[in-house]
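**Student:** Okay, here's what each chain looks like letter by letter:
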Amino acid sequence: MNKANTGRFFEDFSLGQVLEHPIPRTITEADASLYLALTGNRFSLYCNKEFAFQLGYSKQPLDNMLVFHIAFGKTVNDISLNAVANLGYAEVEFLLPVFVGDTLSVVSEVIGLRENSNGKTGIVYVHSRAMNQEGYPVLSWKRWVMVHKKEKGMHNTYAVEPQLKNSVGFGALSIPEELNIQSYDDRYSGEAYRLDDYDNREWIDHKNGLTIDNSEHTMATKLYQNDAKVHFNNHQMENTPHQQRLVYGGHIISLCRNLTQNGLANAQWIAAINGGSHLNPSYAGDTIYAVSQVLKKQELGSGIGALRLRTLGFKNADWEELKPLYEKAVESKSKLSSDFVLDLDYTVLIPS
Amino acid sequence: MNKANTGRFFEDFSLGQVLEHPIPRTITEADASLYLALTGNRFSLYCNKEFAFQLGYSKQPLDNMLVFHIAFGKTVNDISLNAVANLGYAEVEFLLPVFVGDTLSVVSEVIGLRENSNGKTGIVYVHSRAMNQEGYPVLSWKRWVMVHKKEKGMHNTYAVEPQLKNSVGFGALSIPEELNIQSYDDRYSGEAYRLDDYDNREWIDHKNGLTIDNSEHTMATKLYQNDAKVHFNNHQMENTPHQQRLVYGGHIISLCRNLTQNGLANAQWIAAINGGSHLNPSYAGDTIYAVSQVLKKQELGSGIGALRLRTLGFKNADWEELKPLYEKAVESKSKLSSDFVLDLDYTVLIPS
Amino acid sequence: MNKANTGRFFEDFSLGQVLEHPIPRTITEADASLYLALTGNRFSLYCNKEFAFQLGYSKQPLDNMLVFHIAFGKTVNDISLNAVANLGYAEVEFLLPVFVGDTLSVVSEVIGLRENSNGKTGIVYVHSRAMNQEGYPVLSWKRWVMVHKKEKGMHNTYAVEPQLKNSVGFGALSIPEELNIQSYDDRYSGEAYRLDDYDNREWIDHKNGLTIDNSEHTMATKLYQNDAKVHFNNHQMENTPHQQRLVYGGHIISLCRNLTQNGLANAQWIAAINGGSHLNPSYAGDTIYAVSQVLKKQELGSGIGALRLRTLGFKNADWEELKPLYEKAVESKSKLSSDFVLDLDYTVLIPS
Chain A
1 MNKANTGRFF EDFSLGQVLE HPIPRTITEA DASLYLALTG NRFSLYCNKE
51 FAFQLGYSKQ PLDNMLVFHI AFGKTVNDIS LNAVANLGYA EVEFLLPVFV
101 GDTLSVVSEV IGLRENSNGK TGIVYVHSRA MNQEGYPVLS WKRWVMVHKK
151 EKGMHNTYAV EPQLKNSVGF GALSIPEELN IQSYDDRYSG EAYRLDDYDN
201 REWIDHKNGL TIDNSEHTMA TKLYQNDAKV HFNNHQMENT PHQQRLVYGG
251 HIISLCRNLT QNGLANAQWI AAINGGSHLN PSYAGDTIYA VSQVLKKQEL
301 GSGIGALRLR TLGFKNADWE ELKPLYEKAV ESKSKLSSDF VLDLDYTVLI
351 PS
Chain B
353 MNKANTGRFF EDFSLGQVLE HPIPRTITEA DASLYLALTG NRFSLYCNKE
403 FAFQLGYSKQ PLDNMLVFHI AFGKTVNDIS LNAVANLGYA EVEFLLPVFV
453 GDTLSVVSEV IGLRENSNGK TGIVYVHSRA MNQEGYPVLS WKRWVMVHKK
503 EKGMHNTYAV EPQLKNSVGF GALSIPEELN IQSYDDRYSG EAYRLDDYDN
553 REWIDHKNGL TIDNSEHTMA TKLYQNDAKV HFNNHQMENT PHQQRLVYGG
603 HIISLCRNLT QNGLANAQWI AAINGGSHLN PSYAGDTIYA VSQVLKKQEL
653 GSGIGALRLR TLGFKNADWE ELKPLYEKAV ESKSKLSSDF VLDLDYTVLI
703 PS
Chain C
705 MNKANTGRFF EDFSLGQVLE HPIPRTITEA DASLYLALTG NRFSLYCNKE
755 FAFQLGYSKQ PLDNMLVFHI AFGKTVNDIS LNAVANLGYA EVEFLLPVFV
805 GDTLSVVSEV IGLRENSNGK TGIVYVHSRA MNQEGYPVLS WKRWVMVHKK
855 EKGMHNTYAV EPQLKNSVGF GALSIPEELN IQSYDDRYSG EAYRLDDYDN
905 REWIDHKNGL TIDNSEHTMA TKLYQNDAKV HFNNHQMENT PHQQRLVYGG
955 HIISLCRNLT QNGLANAQWI AAINGGSHLN PSYAGDTIYA VSQVLKKQEL
1005 GSGIGALRLR TLGFKNADWE ELKPLYEKAV ESKSKLSSDF VLDLDYTVLI
1055 PS
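For the record, the sequence lines run as chains A, B and C. All residue numbers for the first sequence refer to our numbering, where the first residue is 1 and numbers rise by one. All residue numbers for the second sequence refer to our numbering, where the first residue is 353 and numbers rise by one. All residue numbers for the third sequence refer to our numbering, where the first residue is 705 and numbers rise by one.
Just so you know, the hints here were simulated from the structure itself, not pulled from any lab data. Built from N, CA and C at the ideal position, the CB exists for glycine as well. Watch out, some of these pointers could steer you wrong.
[Claimed, not checked] In silico DSS-like links for lysine-lysine, alpha-carbon gap of 27 Å or less: (1) C/Lys911 x A/Lys229; (2) C/Lys854 x C/Lys911; (3) C/Lys911 x B/Lys559; (4) A/Lys297 x A/Lys3.
[Claimed, not checked] Every beta carbon over 10 Å from chain B, so not counted as near; a handful from chain C, in silico: (5) Asp716; (6) Ala924; (7) Leu950; (8) Leu1029.
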């Protein structure tokens, strides 16, 4: 018996099964710097200790997307090492700020199982939660992945699918307790736009593009200790239709989110991800662009507002070129073209 | 109206205008490690806490070039996003040491404006200053950039050009107050050469070469939160005469400066940059080499000396190959060949 | 006289000569994060502060391979800048844990010299030791390198070769004093295998592969301040039979060691390296795999066991493909094929 883990197959999952993921991780100031260098983060709260203190934090908070990637990375070895595809995310809720020096542990529960009619694969739904070193939950999310079966055939007598919400309601968002938004100073972020300056259905073209290189996306993914081989093993990927390594979908989310800083500089806190799809794979050499649309907005009280946003990521073309294609696809209710790589629905907090 | 910033054009600048650059930045131990990994820094003071303490510092000081890049990066979005070219630097003065944990804010003042006769571009002169979290100025510099106009034509009735000094005088150099140079131990740097060992007009061939890769120079530039698109957006750069991303000029300065450690290991403090030109662009794949010439030297007292140096950076050829070309160009007063990428005039402190 | 160091030649070494290597280095939390991002480290002890505290450490210990690379890097400039080849390592002993914030100084003594009969090269044997800021030795190792002579011909009248042990005996291994192994919790590492679960001669196929990119291996090597030009200077390497930069052999050791985490997750402490050979060079683009064989095991008492392992690194082929070639080579006592890059004999501590 070889001692190396080769990942779970569909038959290895059972409803209600609880997986305690190993290798809890202390997140350091260095992880924050690397995240900045690898993804181009310019949100001012995460690189300015003085600003954080002024807003009431006692320690430097970490960007929620960095927290997400590190927590998500913990689950890969147990859940998605043999995944055919990551099908979706729902109810991603950032519950508490995570600070430099915190150590995250992650646990997942299997909340749904459904065999595919081809008899070769099945869908596993999991609810994952990350806790800090004091045991407080800081992040909760659900995702579903298609995984291979060990043996062909149909095994279960019924399918269990969890009821997933389309979005995390504005009322259910967690607002950092220590946050003293009255001290928020726009000069630190560089933009004056606050809640009221954004209109429902408004589009923002974030303009800049970021080109991906192999070292960069693989370093980011190794930093998250995510060991899905599609990102790292060129020797194996050469013989797939991709013919090369795939960029971790979360890296694309981070690139797009960080591009949105240009036009959404005060939307510093991601409070929830309502849903997300990776529309097409990305590879080294691709240049990623992003646009966002305001889906919904609301004053939450105490000077804090919530914006529900849809961010579209696309590659090797700018928005002026793609907008007509996008509009045509919407009109004809057809799929977006292969230029599009990400469709993310999420909610941010912003001073009102 | 799209909310994303697309940068200032010539018409957006006015004489005396003050720009408070957003996103102040806390510089961490991690930034110092990344700087080392990205640029090959081997100056002993910046990687050895014990040596720093022995020299009188109460905290780990940061390499002045790292400080410069982070401060410079802050100004790009407001000043040079639409720059045709960075024309030059002058009076770059490092006023106070910057330590791990310090937070820098940067302010620029427009000190000169001159339209070009083509009616399409103009030159903007700015004086930028970086302050630490206590409000003390740590770095001051002037630069001038050529920027596009929104509309063609001549608009101003007069041109204002600032008087820029050719160099920061030896008497005006800032010496770190806490520096106890008597404790300087050559064994830590690995070279015994001090002020008196360098002769006026002496050349030093630093010998080693460093090859640039895309991930590396773009990570460095993202670390500095410099978002000039020429460094990041291959999709746009493909359709320019460069056909690819340009390496941030400051990265070349850092590579050359760090190469000088071999032969100038005790010149640990850059006190001032008197002037600098990027002679030619650099691209991923280029191998950078450097030579330095001593322009002037002086004992400043208390065991500290100043060396004014000229460092030439060049690529894909060693000095033995290029020296005859250099000498011919000097003799005929013609331009240096396209192998040369940097001509930097700066002043360092060195134990005497 | 050019002031830049161009390295020692065979004639520059003498028996008993002591070289105090310059540029002592403080190792930071950031170096640990970078090591993780650059080499894919997933050993739980080095990324989880809470786990370290639980095991009795008062500070975050650093991965011994990171310690080795940083210490080794210090010696390159004085010993192997003109090396034709790094011939081998022996008696690599990790004596004390190194913690975040420690500063390492390295000293080497020449313990052997032997001229090669071609009259062009010679072999230099050195014993290097790294000390922390309190002067305690933390790492000791011997290596021998072939270096060029300045002048052709035979100069010495006799050869001195040190007696090198084939291995560091189990009884001579240093066990971290603060280590409270009773608190070891397998849930943190993710594997339940302890000393007794491994059999003598057992093979472990670690399965995963990691592709190397240029930025990554050069960043790692710069992080270690190892300035051997073969890793950095593509312009010079293009005209060698390699036609490109060589990956630092130590980077390959780290990749292989980190791959072993899958199957050896509780073997968190490298206590000694008994010997190692770089069988073939690696280049950017290569995908590295590893298998390990248990050579010997022993209970050391107090709940700690020692495993002597042989890890083979190979590239661009998986073990199923290479195993027959390996077995054939063993049977016929012939050299391993050019797919193999590393043969490392080392001893790890593991809970028993």
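**Student:** Now tell me if each hint is right for this structure.
**Tutor:** A quick look at each hint next to the structure:
no.	hint	verdict
1	C/Lys911 x A/Lys229	holds (10 Å)
2	C/Lys854 x C/Lys911	violated (46 Å)
3	C/Lys911 x B/Lys559	violated (42 Å)
4	A/Lys297 x A/Lys3	violated (52 Å)
5	Asp716	holds (15 Å)
6	Ala924	violated (8 Å)
7	Leu950	holds (12 Å)
8	Leu1029	holds (33 Å)
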